[in-house]
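In order, the protein sequence lines correspond to chains C and L. Numbering-wise, the first sequence is residues 8 to 298 according to the working numbering. Numbering-wise, the second sequence is residues 320 to 797 according to the working numbering.
These are computed hints drawn from the structure, not numbers from a lab. Small disclaimer: the values here were computed from a predicted structure and weren't measured. Here a beta-carbon is modelled for each residue, glycine too, at the ideal position from N, C-alpha and C. Heads up, none of these hints are tricks.
No more than 30 Å apart at the CA atoms, straight line, and that leaves these computed lysine-lysine pairs for DSS-like:
hint, chain 1, residue 1, chain 2, residue 2
1, L, Lys405, L, Lys374
2, L, Lys524, C, Lys129
3, C, Lys129, L, Lys402
4, L, Lys443, L, Lys405
5, L, Lys405, C, Lys129
6, C, Lys129, L, Lys374
7, L, Lys524, L, Lys588
Covered stretches of chain C, going by a simulated chain L footprint (3 or more residues, C-beta under 8 Å):
hint, stretch
8, 42 to 55
9, 126 to 139
10, 238 to 250
11, 261 to 272
Computed Cβ-Cβ distance ranges for the label pairs, DEER-style:
hint, chain 1, residue 1, chain 2, residue 2, range
12, C, Ala58, L, Asn571, 26 to 32 Å
13, C, Pro51, L, Gly357, 32 to 38 Å
14, L, Gly468, C, Ile224, 57 to 63 Å
15, L, Asp397, C, Arg231, 14 to 20 Å
16, L, Gln354, C, Ala49, 37 to 43 Å
17, C, Ala55, L, Val682, 26 to 32 Å
18, C, Leu187, L, Asp397, 46 to 52 Å
19, C, Thr21, L, Gly357, 37 to 43 Å
20, C, Ala49, L, Val682, 19 to 25 Å
21, L, Asn578, C, Phe33, 41 to 47 Å
22, L, Gln641, C, Ala58, 50 to 56 Å
23, L, Lys499, C, Ala49, 55 to 61 Å
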Amino acid sequence: MRSNKLGWMLLAPTLVILGLFGVVPFIYVLWVSFHQWNPFAANPEMIANGADNFRQLVFDTGFLSSLSVTLAFVFFAVTSELILGYALAQAFMKDFPGKAFFRTIHTLPLIMAPIIVGSIWKLMTTPSIGIIPDLLDSWFGYDLNIGQSAVAAFVTTVVMDIWHWTPLVTLSLIAALVALPADPFEQAQIDGASKRQIFWHITLPMIRPAIVATVFIRLMDALRVVDEVLMLTGGGPGSATRYIGVHIFREVFPRTNYGYGSAVSVVVLYITILVCWLLYVGLIAPRNNKA
Amino acid sequence: MSIGYRISASALALGLAASAAFAQTDDFWRQAGAQFEGVTLHGVTESTPPSNYIKDVLAPQFTELTGINVEIETTSWDQMYDKAIKDMEAGTGIYDMVYIEQDIIYSYLSRDFLVNISQALADKPELKAPNFDEANFTTFADYFRDEDGGLYGIPMEAFIKLYLYRTDLFADPEVQAAFKEQFGRDLAPAKTHEEYTQIAEFFTKLGQDRGEDLWGTTAQAHTGHPASWYEYVESVAPTFGVYNWGINAENNFAATVENGGSMNSPEAKEALRWWLHLRDIAPPESSASTWSETATTFAAGRVAQGLIYGENAAWIASDENQSRVVGNVGVALPPVAEGVMEAAESGEGYIGYYDGGAFGIPVSSQNQDAAVLFAQFIAQPEVQAQWAVAAPRITVSSTYDAPEVQELNTSLGGYFDLLRDQGKLFAGAPPFPFHAQLREAISPIFYQILTGDIEPDAGLDQMAAKTEEELTALGYRK
Numbered sequence: 008m009r010s011n012k013l014g015w016m017l018l019a020p021t022l023v024i025l026g027l028f029g030v031v032p033f034i035y036v037l038w039v040s041f042h043q044w045n046p047f048a049a050n051p052e053m054i055a056n057g058a059d060n061f062r063q064l065v066f067d068t069g070f071l072s073s074l075s076v077t078l079a080f081v082f083f084a085v086t087s088e089l090i091l092g093y094a095l096a097q098a099f100m101k102d103f104p105g106k107a108f109f110r111t112i113h114t115l116p117l118i119m120a121p122i123i124v125g126s127i128w129k130l131m132t133t134p135s136i137g138i139i140p141d142l143l144d145s146w147f148g149y150d151l152n153i154g155q156s157a158v159a160a161f162v163t164t165v166v167m168d169i170w171h172w173t174p175l176v177t178l179s180l181i182a183a184l185v186a187l188p189a190d191p192f193e194q195a196q197i198d199g200a201s202k203r204q205i206f207w208h209i210t211l212p213m214i215r216p217a218i219v220a221t222v223f224i225r226l227m228d229a230l231r232v233v234d235e236v237l238m239l240t241g242g243g244p245g246s247a248t249r250y251i252g253v254h255i256f257r258e259v260f261p262r263t264n265y266g267y268g269s270a271v272s273v274v275v276l277y278i279t280i281l282v283c284w285l286l287y288v289g290l291i292a293p294r295n296n297k298a
Numbered sequence: 320m321s322i323g324y325r326i327s328a329s330a331l332a333l334g335l336a337a338s339a340a341f342a343q344t345d346d347f348w349r350q351a352g353a354q355f356e357g358v359t360l361h362g363v364t365e366s367t368p369p370s371n372y373i374k375d376v377l378a379p380q381f382t383e384l385t386g387i388n389v390e391i392e393t394t395s396w397d398q399m400y401d402k403a404i405k406d407m408e409a410g411t412g413i414y415d416m417v418y419i420e421q422d423i424i425y426s427y428l429s430r431d432f433l434v435n436i437s438q439a440l441a442d443k444p445e446l447k448a449p450n451f452d453e454a455n456f457t458t459f460a461d462y463f464r465d466e467d468g469g470l471y472g473i474p475m476e477a478f479i480k481l482y483l484y485r486t487d488l489f490a491d492p493e494v495q496a497a498f499k500e501q502f503g504r505d506l507a508p509a510k511t512h513e514e515y516t517q518i519a520e521f522f523t524k525l526g527q528d529r530g531e532d533l534w535g536t537t538a539q540a541h542t543g544h545p546a547s548w549y550e551y552v553e554s555v556a557p558t559f560g561v562y563n564w565g566i567n568a569e570n571n572f573a574a575t576v577e578n579g580g581s582m583n584s585p586e587a588k589e590a591l592r593w594w595l596h597l598r599d600i601a602p603p604e605s606s607a608s609t610w611s612e613t614a615t616t617f618a619a620g621r622v623a624q625g626l627i628y629g630e631n632a633a634w635i636a637s638d639e640n641q642s643r644v645v646g647n648v649g650v651a652l653p654p655v656a657e658g659v660m661e662a663a664e665s666g667e668g669y670i671g672y673y674d675g676g677a678f679g680i681p682v683s684s685q686n687q688d689a690a691v692l693f694a695q696f697i698a699q700p701e702v703q704a705q706w707a708v709a710a711p712r713i714t715v716s717s718t719y720d721a722p723e724v725q726e727l728n729t730s731l732g733g734y735f736d737l738l739r740d741q742g743k744l745f746a747g748a749p750p751f752p753f754h755a756q757l758r759e760a761i762s763p764i765f766y767q768i769l770t771g772d773i774e775p776d777a778g779l780d781q782m783a784a785k786t787e788e789e790l791t792a793l794g795y796r797k
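Only chain C is shown next, with the shape it has when bound in the complex:
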């Protein structure tokens, strides 16, 4: 009983902070989402409107388009980061000259604020000024204009995200690979397993918890991407890169459409939880069931 009290006392600061900065704002947003509220409307007061906001967003082409490009962005960005991150982690597991230097350089994007990443990529991709359009034109005769081409803008935002976040995946997987015991690998080699067999049947299952954790983190981050995309494309051209975070930002801040923006936020939170749950069901649950 005494230790129980002590436990709660030690937990209390965390619970208070979590409650103040996590639970209370969430409840507030949930409450606002059931209201019509725009402080610059003719009637600036909050007016309860039941589930109207949620009903409205089902038919909102802007929201649906935003959601679909976001899911595409998440898929391409996170998948690429996972594959590239694993390849880099394997590379850094081996010794080669300048390894420490390259490992440091490769983690530099991680320490940059997203807004700075967006600025850098804007400078690098602006037609006539940026180095990337210049090189693509010189080497391949390709005219990169992310202000005009929806595909180019989408791909550029994915590449920017990969550049920014692959190091996180690499570091997580390096940590997992370093911690692997040598015995199973030696045993497999003695038994004559090929590299592919070792990868599929030993390495991958053993680092799966690290992969899942990393994918969870990246998935949630990618779903709420705002700053760097806002800086790079503003959500354009048209609505090609108006990802859901950018959509919510525009609804809530410049448009001050607090009620509807809150409803969109709640739905996006639900979608995030749903996607993570699907991932859990797909990757973790079967393994637990087998056990």
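Put chain L on the given structure of chain C with help from the hints.
Chain L in isolation, oriented as in the chain C frame:
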């Protein structure tokens, strides 16, 4: 008594009188500030040259005289509004002064966010500085008054968006001869849209022929930033006679032609098609250009002409560290359609955007009286000339005649003369309390027009319909 002696004596007398006046005002600031000693005023504003001058020069001077500390936060346009609106909406009182861009004043007034400075000074005459007089301001101050004449913001910057052109290119005999041969007229700043198009096409082709990075015009045509929307509604459409974004406030905020608006009128459609053509022959970076980038494009010597915000005119024309066209910048009025100039001169229309902003005091401020002092401090005629030289803005009429301003006016190709004499032809944003709300609702359609996903005429029809729908949802259209 010789003339020289009389002039010297007069100068001495004037100098002494001025010194006495300065001493008197200095005394006022010291005495008025004494009661607020230790107070720190917090302001938030957009990071622009005029705001930076307040932060770096005027605020320290004010602190030295009054003992009142001033912390000015300069940030991006979006962040500035985000912070100011959140603070005033919640009534937290973090900020004692906020920047009010001309187009948002109506939203702020509709929410009673701001202190009526005229009333505050009438209620507490002991706070009124001897050299503060609302009559000192240019007519731009009228944008910050309510219908009773109360002043809600101290104007601190004012510009017109004007037509800049390269005097070196326009005066080049070889270029002039080629232009005359092609069009049968002299090369001169355009007065009509057709002339402007001809000049733009001519220089874009000249750049191609010569293999130079030269184009005929700027275009503020970002495909995902409101700057493009603003260029169209504030700088292009009015020159075709489409005013107030094409919304008829007197007719139930109608936007569609069928309901009495003009957002999708034939003139509006012609304006949009004209501008889109210019965008197509502008430098490739135009699709990523906001108001800042068009200025940079002009300063880099990449265009022969363009519509540029006046706040950039000074550094483009005079700062060799930032501009390659120093000494080669001319200013003119934008080209207009037939009848538009006459409408502007009679006060029934306008030919472009009169941009600017003011410092206002939120009613949520905990230090309103000290803020009123600071507001008057930055409005003093004595500080205006140096401020205008550092950032080409004029909000107090007497500033035009200051010798240093006259000197700068010459190097700017007569920009200040244009502002003083022709400023009346330009207008600020329409008095709508729903600027950002409406813009965000319809700009996605506008961006799709820019990317070619929607035809311009159909796009304007959609925008007009969406405008009425949005204004109905906001409760302004019945």
